[in-house]
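As a plain string of letters, each chain reads:
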Amino acid sequence: MSRTLTFTVFRHNPRNPADAPHTRTYHLDETPGMTLFIALTRLRDEQDPGLNFDFVCRAGVCGSCAMVINGRPGLACRTLTANLPAEISLFPLPGFELIGDLSVNTGKWMRAMSERLRAWLHVNAEADVNLMEAPMEPETAEAVYELDRCIECGCCVAGCGTARMRPDFVGAVGMNKIARFRLDPRDVRSDADFYEVVGDDSGIFGCMSLLGCQDVCPKQLPLQTQIAYLRRSMVRQGVW
Amino acid sequence: MKIVYTDALIIGGGLAGQRTAIGIKRRGLEPLILSLVPAKRSHSVAAQGGMQASLGNCVKGEGDNEDVHFEDTVRGSDWGCDQIVARMFAHMAPKAAREMAAWGVAWNRVRRGDHEVVINGQRVTLTERDAAHGLITARDFGGTKKWRTCYTSDGTGHAMLYTVSDRVIAESIPVRERVEALALIHDGGRCQGAVVRDLVTGELTAYLARATVIATGGYGRIWGVSTNALINEGMGAALVLETGVARLGNMEAVQFHPTAIVPAGILVTEGCRGDGGLLKDADGYRFMPDYEPEKKELASRDVVSRRMAEHMRKGKGVASPYGDHLWLDITVLGAAHIDKNLREVKDICQYFLGIDPAKDYIPVRPTQHYSMGGVRTNFQGQSPWLQGLFSCGEAACWDMHGFNRLGGNSVAETVVAGMLVGEYVADFCQSAEGDFSFSTALARACLDREQAELSAIAAGRGSEDAVAIRRRMEAVMTDSVGLFRNGPALETAVAELSDLLARSRRLGMRGHGLDANPELVQAYRLPRMLKVALTVALGALKRTESRGAHFREDFPARNDRDWLNRTLACWREGDALPTLDYEPLDVMFMELPPGFRGYGVKNIIDHPHTAQRQADVDEMRAAELDRHAVQSHLMSFKQYLPERYRGRNERLDEPLPIPPAP
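Heads up: the protein sequence lines correspond to chains A and B, in order.
Position 130 (the first sequence) corresponds to 130 in our numbering; numbering is contiguous.
Position 615 (the second sequence) corresponds to 855 in our numbering; numbering is contiguous.
Think of the hints as simulated: they come from the structure by calculation, not from any bench.
It cannot be assumed that every hint is accurate.
[Said to hold, decoys possible] Below, in silico cross-link-like pairs of lysine-lysine (BS3-like), each with a Cα-Cα straight-line distance of 30 angstroms or less:
hint, chain 1, residue 1, chain 2, residue 2
1, B, Lys556, B, Lys842
2, B, Lys242, A, Lys108
3, B, Lys599, A, Lys108
4, B, Lys300, B, Lys556
5, B, Lys265, B, Lys242
6, B, Lys782, B, Lys878
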């Protein structure tokens, strides 16, 4: 039995002072296998050519399309409408600068976070690329990759209580990056170095352990465990 | 007029563009990257299965080296590639994989001792060497003699893109996100930068640069179903076409990947088959061994895709509301392997198909995947027709893939091309040609023209509907410029695409906004996409032979006598169609003269020089010299490399002849 879906979508152009934030309602017949990517594309093609949203890979790997779907942050491209009620509300991800409608500037936020946390591999000298690579234990490489799977979609920030109150909070995405480089034997930084960038209330000590981040992470990253370990290490670093 | 000056303007924030920028920055110059989307969301992120590099660490990679990788690449290209470029690439790939390791990619590593794998449907035990423990491992991919594809589970592109993007951040290279280059600023002989539109505010800015690099990826989205990201609309190719002087190469060379899921068209990696997955038909029968007894599921992509289509034409496809498909069976690999090495595949199956690939077959069908063609450049990535214009990665045709790319050679190409082209761009910027005075008058004229055009488009009250035209273009490309091609269908396609192009200039707009307005974006991209589509279709029509992924039912032979050449396309201002001409490939300079790839029945019209060149090569190989000496005699290439990259690659079985200086 095919359904008619009712979409309530946030509309606002922040560059137009005359345009107050509002919602607009659309109706669409559901088709088999319909995702929110398919639905929103059809809404734009058929009903509202000016509707802003972001899809790039439409395969759940690029992190562009995070939005608040019936009150919960998630990746729109891989959300099947069949798993939702017939009334679907779509809002932009909170915590990020609004570009328009469902589109937010996660890229700007993520780059600022990376710069602030110095979230890249730190080495003393780069290896000679003609020579054999340095060996790494296979299990270690797998463990690093596990944390490297973050797609910077912003769901964890949108689902975070602290980030609501502190705009400078680095979020689970930031702490996971620190955990990733801390685990990587190639990175020369010590806990003292990591403490410099996350050892305060805008970092690891701002986390209230509500753990909404882990609930909404589309890659099911072990954020709870990583934050707990990182906090313990940073406490140790701060005390001694 | 807002003007930004920079040394090198990189258009495209994927792996190729970002790696190029790092090389330029390290030479003391100022690069600036433009990206349609946040750089980490570029399509490079979607590469799953891995990167080819002949490290020779794992036991099934033992004996691998640049020679083997080079030969696989040339065979894969159906002898359509530039062998010098393929040589440079094979030489650089191990360095690139090691650089990625040094920068942070968590490559999967060799574990010493026994482990079980699936080969040809059978479980087999392999024993890895102690000495290789902890070195970068590799998996099997199609069309390769060795296991050469380095990987991080099936998120290789993600791991590489994040690592390279993090380096860009670490080296303080500016990335302007959510901007789009609309036109190259040039005087017919020298490229001076680009007019760039801010996709959020709609503002236009002139970026003036000594060198401009197109690294915008492929043009897969001119087809209705593609594995490509939505941003791969061929805008880089269109920018170059619209110069009227610079040329594109081999635009008809387009790859269809055997295993995209039905109906979404999302890729599941070749690693599925590399790791032992099988293709099955409606009866659950494994059909590939009947067609390709030697390589089976791991024949080259063009071959597997055609065989699948052929099998479906025989009525062996699985009927579905979205058309026929076949099955990819990875249940044989087991849940543990899938959970660890094919986790993206598992996610895709779960979220988009609602199935568990450890238990269920995956519905797949050949789907547009990769653009071998692109901005024609020399081996340095520079356009021979427009000084200061460079291109690299999938956007370019420099040309290492010829008419078919091997799996695992694309992400490898992105970083290798970035390493090389970054150096060549820096050389150019630091040479007399790079030192030059910009014309702000030229920039203003170009910007004003673009602004006027945008305003006219936004005010468009014509009768045509952009969405309808786009869907029709996609259908024409899918139906007539796909896996199997023929003259009459291509003639019709060219005619219809020409008509669509004319209609795309008479759009009726419903909105007005000049800022973040997706309707406007679609409206100005549409004619550009149609120009790219026409270039592909016309190239396919005129090439009356079959080579690699370009298969003509009416001309099934590979015709080296008449078609051992590269298609060049230029769109002169005011013309209704692009002008094609051809650049010959010289057999007498080939290290690997044209031969039979070993798939199906041999159907080749030989080039008159092939026998002579083969005799020369055989004679040289009979001399039993060291492999480096033979190679250098046959086709010397190292002089083309930047000096810093000329060194040999160390391997477990190939220690370097001279210890490196301390």
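Hint check results:
1. A C-alpha spacing of about 25 angstroms is found between Lys556 of chain B and Lys842 of chain B, which places the hinted pair at or below 30 angstroms, so the restraint holds.
2. A distance of roughly 22 angstroms separates the Cα atoms of Lys242 of chain B and Lys108 of chain A; the hinted pair therefore holds under the 30 angstroms criterion.
3. Between the alpha carbons of Lys599 of chain B and Lys108 of chain A the distance comes to roughly 41 angstroms, so the proposed pair goes past 30 angstroms and is violated.
4. This hinted pair does not check out: Lys300 of chain B and Lys556 of chain B have alpha carbons roughly 34 angstroms apart, beyond 30 angstroms.
5. Restraint check for Lys265 of chain B and Lys242 of chain B: satisfied, since their Cα atoms lie roughly 24 angstroms apart, inside the 30 angstroms limit.
6. Straight-line distance between C-alpha atoms of Lys782 of chain B and Lys878 of chain B comes to about 35 angstroms, which puts the hinted pair past the 30 angstroms bound.
Checked against the numbered hints above, the structure breaks hints 3, 4 and 6 and satisfies the rest.
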